[in-house]
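Visitor: Sequence:
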Amino acid sequence: MTRFILPAVLFFLLVFEGTVFQVFAPDNRGADLELVPRFMFILIMLTGIIRGRSYSLFYGIIFGILYDIVYSPVLGIYTFGFGFFAYLFSVSNSYVKRRPSVTALLVTAAVIGLEYYLYGMMLLLGITALPHEAIFTSRLLPSFIMNGLLAALLAVPVRAWFIRMDGADMD
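For what it's worth, the numbering used here labels the leading residue of the sequence shown as 7, then goes sequentially.
Treat each hint with caution, since some may be false.
[Said to hold, decoys possible] Label pairs and their in silico Cβ distance ranges:
#  : residue 1 : residue 2 : range
1  : Val102    : Leu39     : 30 to 36 Å
2  : Asp38     : Leu94     : 18 to 24 Å
3  : Gly119    : Thr25     : 23 to 29 Å
4  : Phe86     : Leu159    : 25 to 31 Å
5  : Val108    : Ser144    : 35 to 41 Å
6  : Ala166    : Leu136    : 36 to 42 Å
7  : Ala140    : Thr8      : 40 to 46 Å
8  : Arg105    : Leu129    : 22 to 28 Å
9  : Ala166    : Thr25     : 27 to 33 Å
10 : Val162    : Ala37     : 28 to 34 Å
FYI, nobody ran anything at the bench for these hints, they're computed from the structure. The beta carbon of each residue, even a glycine, is placed where N, CA and C say it ideally should be.
Could you build the full structure based on these sequences and the hints that come with them?
Guide: Here you go:
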């Protein structure tokens, strides 16, 4: 039964990012800022760092496909991006696992890499025409702060949750 908890939480975050969060988004209230939640990707990254790269690659591809189907105008962009960056930044060793600041830094770097990859792909495909300065100030910087703070807040509780689920320390 516990093996279905993580996919259920990831699915909940997939729905939450696109529906509930958008109600409270500052751009709906006239602000110039656009917050892009990557809560699901943050949990996938934490899973990869704590449990191993194979978990992050698997969940990144599966939930990337779902993200593409539900939210993306082009299939495959999120599938590749989630899988690639989750695999690339999932450094699973005891030094990283035991230091929440390093874990949060890795997760935040992965989110920034994913955002730049998505911007580059959308620019390449002609879906967006916004210059880098506009994307950086209105979207990337506010999203970086929000997702970085969330990664810092979740690093320790998620590690404790996985230890409790698996029944042993995962070093």
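Visitor: State for each hint whether it applies.
Guide: For each hint, the structure was consulted:
no.: 1; hint: Val102 to Leu39: 30 to 36 Å; result: holds, 31 Å
no.: 2; hint: Asp38 to Leu94: 18 to 24 Å; result: violated, 32 Å
no.: 3; hint: Gly119 to Thr25: 23 to 29 Å; result: holds, 26 Å
no.: 4; hint: Phe86 to Leu159: 25 to 31 Å; result: holds, 28 Å
no.: 5; hint: Val108 to Ser144: 35 to 41 Å; result: violated, 29 Å
no.: 6; hint: Ala166 to Leu136: 36 to 42 Å; result: holds, 40 Å
no.: 7; hint: Ala140 to Thr8: 40 to 46 Å; result: holds, 45 Å
no.: 8; hint: Arg105 to Leu129: 22 to 28 Å; result: violated, 35 Å
no.: 9; hint: Ala166 to Thr25: 27 to 33 Å; result: holds, 28 Å
no.: 10; hint: Val162 to Ala37: 28 to 34 Å; result: holds, 31 Å
Checked against the numbered hints above, the structure violates hints 2, 5 and 8; every other hint is satisfied.
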